[in-house]
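Each chain is listed here by its residues.
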Amino acid sequence: MEGLDLLKRDWKRLGDTCPKLSYQDIYELIHKKSSSIVKWLFVICLGEFAFWGLLTIFIPESYLEIYQVLNLKTLAIVAQIVHYLVLAGFLLLFYKNYQSISVTDNTGLLMKNILRTRKTVHYYIVYNIGMYILFTVVINIIMFLNPEMLYDMVPEAAEFPINESLFFTIMLISQLLALIIVSGLLYLFYRLIYGILLKRLKANYKELQKLTL
Amino acid sequence: MTKELEHQFIAEFERHQNVIHKICRIYTNHQDAHNDLFQEITIQLWKAYPKFRREAKFSTWMYRIGLNTAITLYRKRQKRIRTQAFDTELLKLEATEYDANQEAQLTLLYKAIHQLSDIDKALVFLYLEEKPYKEISETLGMSEVNARVKMNRIKKRLKKLLNP
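One line per chain: the protein sequences are Z and C, in this order. Last residue of the first sequence? That's 219 in the working numbering, and every number before it is there in order. Last residue of the second sequence? That's 159 in the working numbering, and every number before it is there in order.
Looking at chain Z on its own, in the form it has when it is part of the complex (with noise of 0.2 Å):
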């Protein structure tokens, strides 16, 4: 006997050899704490969100003032409102697909439910940055249309004498330094955390996909 036939011989002893555990041992087994990566994505998903929802409320108030300047102030409120709507939209899809993984499913389905529920929040992210940046875009070109509206914010005591296309250049580039370094940080946490816990379950489904045809 020689090859696979005798792998399959040796994989029959295998199973006849294996140590076995006792009752107590399973018993205590089942009482541990699961470390799977759904576990870790829910974690870390709820965070995400918490931290996006809860952006608005650490904002200070005299940020806001630029609204107030700008007569935005009624779009502002509106936007925070569509914003917690949004929010909710969001948890409750998140949630719908969280609850469709099931580890009773066939593997490709189960990756796939997998990667739907981090989809989502995915989506969440990119609505978010999306709307930071329309807002920033919308701000600007306001403030270039009524250059005038934006002394009113300078504060009195400045007393120095403000060049209007060095002030424009100041504001214009401390605000695309702010959006890259903000998307840098994005862009590491995404690849650090994401990259650590679904490389392997996202290569897999790949290969997975290949055989499904």
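Hints were generated in silico from the structure; no laboratory data involved.
If we take Cβ atoms under 7 Å as the criterion, some of the chain Z residues that face chain C in the derived model are:
{"id": "1", "residue": "G9"}
{"id": "2", "residue": "L12"}
{"id": "3", "residue": "G21"}
{"id": "4", "residue": "I43"}
{"id": "5", "residue": "V109"}
{"id": "6", "residue": "N112"}
{"id": "7", "residue": "L214"}
{"id": "8", "residue": "L217"}
{"id": "9", "residue": "T218"}
Ideal Cβ placement from N, Cα and C applies to all residues, glycine included.
Take the given structure of chain Z and dock chain C to it, following the hints.
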């Protein structure tokens, strides 16, 4: 979950636990990693047990959850992964049963299996458990034809390894 359900699960699990041990043998090559994966699969089985409808056999249900955990849910703990040297230690071939040539062949085969992808390992596992291709394809979510083709390729590769 009631104590009765817990007792029922443990009793059934105790009888069929070798299925899980064998999955762990295919997916890990170190005793710590083996125990780790075994623990995670057991927890997943217990979590899913209240919804187990007995439309399938307990062992079939175990295959599915066991493989899903090994391929998809299990998060390898990096610090515990060591080198290849554990293949022989873990598989402990019994010298009395095999001659030197057979022993060498088996060591080579198990080493080759450990180097396969997660999906291929699942295929080999179900093949060694003598599951029909229909069940293999349903468990993994691939087409039956592809399961057959892929398994044949793996078999060829393993044969070639023994007779280069």
